[in-house]
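Asks: Keeping their order, the protein sequence lines are chains W and E.
Taking this note's numbering, the leading residue of the first sequence gets 1, the next gets one more, and so forth.
Taking this note's numbering, the leading residue of the second sequence gets 1001, the next gets one more, and so forth.
Treat the hints as calculated values from the structure; they're not laboratory data.
Just so you know, even glycine gets a beta-carbon here, dropped at the ideal spot from N, CA and C.
Treat the hints with care, as some may be off.
Each computed DSBU-like pair below joins lysine-lysine, with the alpha-carbon atoms no more than 30 Å apart [claimed, not checked]: (1) E/1175 - E/1026; (2) E/1143 - E/1117; (3) E/1178 - W/126; (4) E/1178 - E/1117; (5) W/12 - E/1051; (6) E/1069 - E/1026; (7) E/1055 - E/1119; (8) E/1144 - W/12; (9) E/1144 - E/1175.
Covered by chain W, per the in silico footprint, the following chain E stretches (three or more residues, Cβ under 8 Å) [to be verified]: (10) 1068 to 1082; (11) 1085 to 1096.
Take a look, some chain E residues computed to stay more than 12 Å from chain W by CB distance [said to hold, decoys possible]: (12) 1038; (13) 1040; (14) 1056; (15) 1059; (16) 1060; (17) 1109; (18) 1147; (19) 1154; (20) 1172; (21) 1179; (22) 1186.
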Amino acid sequence: MIGLVVVSHSAKAAEGIADVAAQMGGGSARIVPAGGEDGGIGTSPDTIREAIEEADDGDGVVVLVDLGSAVMNTELAIEMATDVNASIADAPILEGTLNAAVETTSKKATLQSVVERAEEAREYRKLN
Amino acid sequence: MADVDTQREAVLDALDNVAERLTAEKSYLTDLDSAIGDADHGSNMQRGFSKAAEKRDEFADMDPDDIVKTIGTTLISNVGGASGPLYGGSIMFASQELDGGITVETSVAFAEAYLDKVKDRGGAQVGSKTMVDALVPAVHTYKKSIEQDDLPPLEALAKAVDAAERGVQFTTPIKALKGRASFLDWRSVGHQDPGATSTLFIMEELLATAEEYLDGDVERDARAADAVRRDE
Chain W
1 MIGLVVVSHS
11 AKAAEGIADV
21 AAQMGGGSAR
31 IVPAGGEDGG
41 IGTSPDTIRE
51 AIEEADDGDG
61 VVVLVDLGSA
71 VMNTELAIEM
81 ATDVNASIAD
91 APILEGTLNA
101 AVETTSKKAT
111 LQSVVERAEE
121 AREYRKLN
Chain E
1001 MADVDTQREA
1011 VLDALDNVAE
1021 RLTAEKSYLT
1031 DLDSAIGDAD
1041 HGSNMQRGFS
1051 KAAEKRDEFA
1061 DMDPDDIVKT
1071 IGTTLISNVG
1081 GASGPLYGGS
1091 IMFASQELDG
1101 GITVETSVAF
1111 AEAYLDKVKD
1121 RGGAQVGSKT
1131 MVDALVPAVH
1141 TYKKSIEQDD
1151 LPPLEALAKA
1161 VDAAERGVQF
1171 TTPIKALKGR
1181 ASFLDWRSVG
1191 HQDPGATSTL
1201 FIMEELLATA
1211 EEYLDGDVER
1221 DARAADAVRR
1231 DE
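With the hints as constraints, model all of the structure from the sequences given.
Replies: Structure, rendered in structure tokens:
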């Protein structure tokens, strides 16, 4: 199963988004939060790398990110986690994680399909 | 080319000089960052380079390129924020260019690789109000001074440092397009970029170290010299 990692500057935000998405994934999705830095606000490549390795069962990992250093530190973490096939989804972090969680539970899910499904969340409108 | 022991000593002295400088400038960099960022650039850079400098014993038998690579990975783990990947990740990447030792040629290749990685990772261009505004003029000036003008390396480095300084000054009157400061939009105008500033400080310490090892007397203020030429 494709694993998911949620990278936010806030550990609470990452955990909360993972919780909401886990519910959408029917409890079977593999979602690991990787938020915060040294107990404060920020992102850490080492924390993200550990989360990527934890989320991987051999099928690969899609990473959802918030802003700025979250993107750069995730790129670095993916370069460091050489044993894991991982990609960043360019999507809003909450909506993208929900979409991705649902897709990972599909038997046909691939790294590519999970990324695409997450990125569809860019089109969401909240008011009609 | 200097022997490997001399190269190692030069790298370690440069590291010590940078760590000391960033410790001395910690509150200044943090003040700059508090105006347009999250007020942690001084402490982050000081912590990262000090951690690297503490590894001096571990570096005793390593080749210069491996030392530089380890400095990069130490920064990645200890600097934090976007500066960890931008400074540490780029040093780690560029260290490959020093594989055959530190020479004039590999120093140019290192500088170019470092600049390329910073631009690639951060997505900033000249005029984005980032460290790229100091790095691009510095690296371009260094390369041109070596490869086209055939200047001695110390003189080329001095010109590069002056170019970086002008780049730092350029960051003040422009609006941030990348990084945390870009969220401030027009409010970022009028503030000097902390990343460009720490880049200049690091380069000044590399120049100071090079002056010790290359035993040269260098005209630091190429900028003033240029200005004089323009007036003629």
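Asks: Look at each hint and say if it fits the structure.
Replies: A quick look at each hint next to the structure:
{"no.": "1", "hint": "E/1175 - E/1026", "result": "24 Å, holds"}
{"no.": "2", "hint": "E/1143 - E/1117", "result": "17 Å, holds"}
{"no.": "3", "hint": "E/1178 - W/126", "result": "28 Å, holds"}
{"no.": "4", "hint": "E/1178 - E/1117", "result": "16 Å, holds"}
{"no.": "5", "hint": "W/12 - E/1051", "result": "29 Å, holds"}
{"no.": "6", "hint": "E/1069 - E/1026", "result": "24 Å, holds"}
{"no.": "7", "hint": "E/1055 - E/1119", "result": "29 Å, holds"}
{"no.": "8", "hint": "E/1144 - W/12", "result": "49 Å, violated"}
{"no.": "9", "hint": "E/1144 - E/1175", "result": "29 Å, holds"}
{"no.": "10", "hint": "1068 to 1082", "result": "holds (count 5)"}
{"no.": "11", "hint": "1085 to 1096", "result": "holds (count 3)"}
{"no.": "12", "hint": "1038", "result": "8 Å, violated"}
{"no.": "13", "hint": "1040", "result": "8 Å, violated"}
{"no.": "14", "hint": "1056", "result": "23 Å, holds"}
{"no.": "15", "hint": "1059", "result": "21 Å, holds"}
{"no.": "16", "hint": "1060", "result": "26 Å, holds"}
{"no.": "17", "hint": "1109", "result": "20 Å, holds"}
{"no.": "18", "hint": "1147", "result": "30 Å, holds"}
{"no.": "19", "hint": "1154", "result": "33 Å, holds"}
{"no.": "20", "hint": "1172", "result": "22 Å, holds"}
{"no.": "21", "hint": "1179", "result": "7 Å, violated"}
{"no.": "22", "hint": "1186", "result": "19 Å, holds"}
Going through the hint list in order, the structure does not satisfy hints 8, 12, 13 and 21.
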